[in-house]
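S.K.: Next come the chains, spelled out residue by residue.
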Amino acid sequence: AQKVTQAQTEISVVEKEDVTLDCVYETRDTTYYLFWYKQPPSGELVFLIRRNSFDEQNEISGRYSWNFQKSTSSFNFTITASQVVDSAVYFCALRQGGSEKLVFGKGTKLTVNP
Amino acid sequence: GAVVSQHPSWVICKSGTSVKIECRSLDFQATTMFWYRQFPKQSLMLMATSNEGSKATYEQGVEKDKFLINHASLTLSTLTVTSAHPEDSSFYICSAPKTGKIYEQYFGPGTRLTVT
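Protein chains in written order, with this note's numbering: chain A, 1 to 114; chain B, 115 to 230.
Worth flagging that the hints you see were computed from the coordinates, not collected in a lab.
Built from N, CA and C at the ideal position, the CB exists for glycine as well.
A few of these clues could be false.
What the hints assert, rightly or not - The calculated label-pair distances, taken between Cβ atoms and stated as ranges, are:
id, chain 1, residue 1, chain 2, residue 2, range
1, A, Asp18, B, Thr196, 45 to 51 Å
2, A, Ile11, B, Glu218, 23 to 29 Å
3, B, Thr230, A, Asn113, 32 to 38 Å
4, A, Ser71, B, Lys169, 40 to 46 Å
5, B, Lys128, A, Phe47, 31 to 37 Å
6, B, Lys155, A, Val14, 21 to 27 Å
7, A, Glu26, B, Gln174, 31 to 37 Å
8, A, Val84, B, His121, 28 to 34 Å
9, A, Lys70, B, Met159, 22 to 28 Å
10, A, Thr5, B, Lys128, 16 to 22 Å
Given only the sequences and the hints, what does the whole structure look like? Please build it.
M.R.: Below, the structure written as structure tokens:
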């Protein structure tokens with residue numbers, strides 16, 4: 001069975017602080033894909049990143065970075081120098097290789113205060 | 115880039131009536147689309163997989179007679195909430211995968227349903 005756990009329900013930081021959102025996943029498949037989505041108050045999901053199980057390279061995109069570690073089944077997301085516009089709910093999701101279904105974590109609500 | 119649209123973006127209906135929500139892939143064809151429901155401050159829960167030309171596949175616990183799904187064409191899937199009740203009030207989101215060089219799943223902007 002697949003499962004995605006985002007243990008942090010809510011995080012509140014002050015602008016310019018760095019913040020890491022945790023994601024731990026469970027799957028029996030050797031081929032799978034991990035995602036992060038941002039959901040601002042408007043509700044529309046914004047795709048941030050996809051990582052497949054064979055690529056453990058960490059990725060950096062501007063202020064965003066992702067740390068994928070298969071040994072701990074984690075795919076953590078760090079925002080450097082957070083900004084108020086980063087305030088949103090962030091979801092981690094998992095897709096097994098032979099399926100198109102996405103399994104979402106419960107989400108982490110990030111509030112960045114000025 | 116690929117876009118998925120939903121209509122309406124929000125709807126208020128009276129208890130007992132039916133509401134239809136449309137999901138369209140705007141610049142690509144989608145033989146499969148997904149319908150999710152999201153209650154306030156909760157995660158997205160997959161309700162069903164919409165298959166073009168065949169019956170939808172429902173997740174466990176989702177009433178197929180209440181949530182009618184029709185995938186009429188390669189760019190359109192509809193979700194009809196029949197005999198709506200206040201507990202059906204939720205945010206409904208569809209998604210459509212686009213296959214090709216890179217697999218990507220695109221989400222619609224969501225439809226907020228309020229049943230009074």
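S.K.: Going through the earlier hints one by one, which of them does the structure break, listed in rising order?
M.R.: 7 and 10
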